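If you read the sequences in order, they're chains A and B. Letter by letter, the first sequence follows residues 1 to 390 in full-length UniProt numbering. Letter by letter, the second sequence follows residues 1 to 162 in full-length UniProt numbering.
Be careful, since some hints might not be right.
To list a few chain B residues with every Cβ distance to chain A over 10 Å, as calculated [unchecked claim]:
| # | residue |
| --- | --- |
| 1 | 27 |
| 2 | 35 |
| 3 | 91 |
| 4 | 112 |
| 5 | 128 |
| 6 | 129 |
For the chain B half of the interface with chain A, some residues (derived, Cβ under 10 Å), not all of them [said to hold, decoys possible]:
| # | residue |
| --- | --- |
| 7 | 44 |
| 8 | 48 |
| 9 | 81 |
| 10 | 89 |
| 11 | 90 |
| 12 | 97 |
| 13 | 99 |
| 14 | 100 |
| 15 | 101 |
| 16 | 110 |
| 17 | 121 |
| 18 | 124 |
| 19 | 130 |
| 20 | 131 |
| 21 | 151 |
| 22 | 155 |
Below, computed lysine-lysine pairings styled on DSS-like, alpha-carbon distance capped at 30 Å [stated by the list, open to error]:
| # | chain 1 | residue 1 | chain 2 | residue 2 |
| --- | --- | --- | --- | --- |
| 23 | A | 140 | B | 77 |
| 24 | A | 213 | B | 31 |
| 25 | A | 263 | B | 128 |
FYI, nobody ran anything at the bench for these hints, they're computed from the structure. None of these values were measured; they are calculated from a predicted model. Where is the CB? At the ideal position from N, CA and C, for every residue including glycine.
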Amino acid sequence: MEVLLHILLILLLAKLFGEIFERAGFPSILGELLSGMVLGTLLIHQGSEILKFLAEMGAIFLLFTAGYKEVHLRDLKESSAKASVATVVQIFVAFSFGAALGAYFHLSVLESVFIGVAFSPTSIGVVVRTLIDMDYLSSKPGSMMLTSSIFDDIIGIFLLSIVVTMATYEHFPSGVQVLIILLKMVAFVAIMFFLRKWVFSRLFDQIHKMHVKESIFAFVIVIALFSAYLAEVFGLHAVIGAFIGGVMLSDVPHAKIEHVQSKVTGIAYGIFVPIFFAFIGISLNIASLQTIGLFSILVVVLALSGKLIGGFLGGRLIGFDNYDSLIFGVGVMPRAGVELVLISIGKEMGIIGDEVFSAIVLMVAVSILVSPVLLKKAIQFKNRANSNNT
Amino acid sequence: MVDHGDEDCIRCQRSFAEMCSEMVIRDFMTKDLVTISENDSIDQILETFDKYHFHTYPVVNEDNVLVGTIDRDIILKILLVHRAPRIEHTHLNAVVFQGDTAKAIMLSHPVSISPDEHLCDAVDMMLKHKIDRFCIVDDGKLVGIICKPDIIKEVYKLRGSD
Chain A
1 MEVLLHILLI LLLAKLFGEI FERAGFPSIL GELLSGMVLG TLLIHQGSEI
51 LKFLAEMGAI FLLFTAGYKE VHLRDLKESS AKASVATVVQ IFVAFSFGAA
101 LGAYFHLSVL ESVFIGVAFS PTSIGVVVRT LIDMDYLSSK PGSMMLTSSI
151 FDDIIGIFLL SIVVTMATYE HFPSGVQVLI ILLKMVAFVA IMFFLRKWVF
201 SRLFDQIHKM HVKESIFAFV IVIALFSAYL AEVFGLHAVI GAFIGGVMLS
251 DVPHAKIEHV QSKVTGIAYG IFVPIFFAFI GISLNIASLQ TIGLFSILVV
301 VLALSGKLIG GFLGGRLIGF DNYDSLIFGV GVMPRAGVEL VLISIGKEMG
351 IIGDEVFSAI VLMVAVSILV SPVLLKKAIQ FKNRANSNNT
Chain B
1 MVDHGDEDCI RCQRSFAEMC SEMVIRDFMT KDLVTISEND SIDQILETFD
51 KYHFHTYPVV NEDNVLVGTI DRDIILKILL VHRAPRIEHT HLNAVVFQGD
101 TAKAIMLSHP VSISPDEHLC DAVDMMLKHK IDRFCIVDDG KLVGIICKPD
151 IIKEVYKLRG SD
């Protein structure tokens, strides 16, 4: 049972390396990726089918918990039109930079579009510490970053569903096919909304009365897997379904009991998600990073500058001054979990090759390392300018 | 008015399980409530926490509809925001940290029960799901709250008459 040893070592190293990075002031995701790279080099040269399956479960649980714990439909409803404008602009610029990069290197249309999609999400968690330390969380650009990052993920996930369907057609879809993709997405979301409004609350009203052990927890997991499966039935990817399923459960009181939430987080972040991140480290082809240096560097530079420029333009469009627009642009630069889910799907479906995959993992790591530092500099820049003016 | 003398006499002839499953929360919930309005500022909320010493306060809108709860853990999180570990640096927590009204920081999905819920069912839920208190809602409106100590008191009284 070699796989048992692999899982054991992955969890052990992921947590140990994660702790080292946390103590050094960086997110544990970097340690989890590193644990995979170390194990991939020394021991696990070819991930087994079981490991691959567990990593896929990790991606499903990562997005399910994101929807279940981090998104509130109420917050989304109340988000202003301003936030949508800023978000659309920064995603559009980042997407264009990614797609243009692919076209410049003569990659296929699908691969170029996928790089554009992979440039879209934002992981706000990376810069929350900096925003708190600099007392900028409640500022105009701080609030805008929070709202924008949620829209980013949602838009990124929907763009992913389009690309995934494009991949199944194996060519750029016609107008009718795009319409079918959209109809499928709308039908899936409509069913999930129906279940949320008419079924989930009533279901949990009964489930909490059941005598079997862990009934609520088990049904939360059942809904996570059901949503993932239903999305696949509709031709969408399982992670998209898991995310939407999580959002639909996010305001069902019994499903959100603290005790249940901590178990869902436990199974996600205690088991599956570290395996997912480590599996990305294992899949990383370090040789391909060395051979295509220029491409990797351009992926890093364009992914970060796409968000910076897009965020700056978006900020200016909604009336921020230059300094606040710059802060907003820097704040939406970091990428982490959702980004890695997107590229692992791209690799699994054969949309992107090893080079693109490795380059984007490198970009994620660089964005996590540099975003907090750059954000601090941008805020200090504004503060200095303000003190010079007074 | 309930005649407690007669009630005790009835109780003494019946089993604990029977009485427990017939008693309804309405009869011993706390009706005199300290609530927080959803538009209260953080300073107003802190004043409430300073003045009273409950763990959790229901948050209501202007129609007295229960919209959330605020507990000591949320207040501690906000007061100690600079010490929050990285694991707390999630989007939702960031929204709470920057919130300036009760509506922004409350837990917006409180588990509530009906005043007609039986005592035993409430106890079952508390034990099974490690819940310390329930807001009692009738037709959407907040009508009471019940905590573990209230339940222990009632169960102890029942046991005494078993």
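Now the hints, each set against the structure:
The claim that residue 27/B is not at the interface with chain A holds, since no C-beta of that chain comes within 10 Å of its own (minimum 21 Å). No Cβ of chain A comes within 10 Å of the Cβ of residue 35/B; the nearest lies about 18 Å off, and the non-interface call holds. The Cβ of residue 91/B does not lie farther than 10 Å from every Cβ of chain A; its closest approach is about 5 Å, which violates its non-interface assignment. With a minimum CB-CB distance of about 7 Å to chain A, residue 112/B fails to clear the 10 Å threshold, and the non-interface call is violated.
For residue 128/B, the non-interface assignment is contradicted: its Cβ lies about 8 Å from the closest Cβ of chain A, within the 10 Å cut-off. A Cβ of chain A approaches the Cβ of residue 129/B within 10 Å, the least distance being about 5 Å, so the stated non-interface status is violated. Taken as an interface hint, residue 44/B does not check out: its beta carbon lies about 17 Å from the nearest beta carbon of chain A, beyond 10 Å. Nearest Cβ of chain A to the Cβ of residue 48/B: about 21 Å, over the 10 Å cut. The hint is violated.
Taken as an interface hint, residue 81/B checks out: its beta carbon lies about 6 Å from the nearest beta carbon of chain A, inside 10 Å. Against a cut-off of 10 Å between C-beta atoms, the interface hint on residue 89/B holds, since the closest Cβ of chain A lies about 4 Å away. Residue-level restraint check for residue 90/B holds (minimum Cβ-Cβ distance to chain A is 6 Å; threshold 10 Å). For residue 97/B, the suggested interface contact is upheld, since its CB lies about 5 Å from the closest CB of chain A, less than 10 Å.
Because the beta carbon of residue 99/B sits about 8 Å from the nearest beta carbon in chain A, less than 10 Å, this interface hint is met. With 10 Å as the threshold, the beta carbon of residue 100/B comes within range of chain A, its nearest partner Cβ sitting at about 7 Å, so the hint holds. Below 10 Å, beta-carbon pairs count as interface contacts, and residue 101/B has none with chain A, the closest being about 12 Å; its hint is therefore violated. Proximity of residue 110/B to chain A holds as hinted, the smallest CB-CB distance being about 6 Å (cut-off 10 Å).
With a cut of 10 Å, the hint placing residue 121/B at the interface with chain A holds, because the nearest CB-to-CB distance is about 7 Å. With 10 Å as the threshold, the beta carbon of residue 124/B comes within range of chain A, its nearest partner Cβ sitting at about 8 Å, so the hint holds. A cut of 10 Å between beta carbons decides the hint on residue 130/B: the least distance to chain A is about 4 Å, and the hint holds. Taking 10 Å as the C-beta contact cut-off toward chain A, the hint placing residue 131/B at the interface holds, the least distance being around 7 Å.
Given hint, residue 151/B at the interface with chain A, is violated; its Cβ is 17 Å from that chain's nearest Cβ, farther than 10 Å. Nearest Cβ of chain A to the Cβ of residue 155/B: about 19 Å, over the 10 Å cut. The hint is violated. Restraint check for residue 140/A and residue 77/B: satisfied, since their Cα atoms lie roughly 22 Å apart, inside the 30 Å limit. Distance check on the hinted pair: residue 213/A and residue 31/B sit about 33 Å apart at the alpha-carbon level, beyond 30 Å; violated.
A threshold of 30 Å between alpha carbons decides the hint, and for residue 263/A with residue 128/B the separation of about 14 Å falls inside it, so the pair holds.
Checked against the numbered hints given earlier, the structure breaks hints 3, 4, 5, 6, 7, 8, 15, 21, 22 and 24 and satisfies all the rest.
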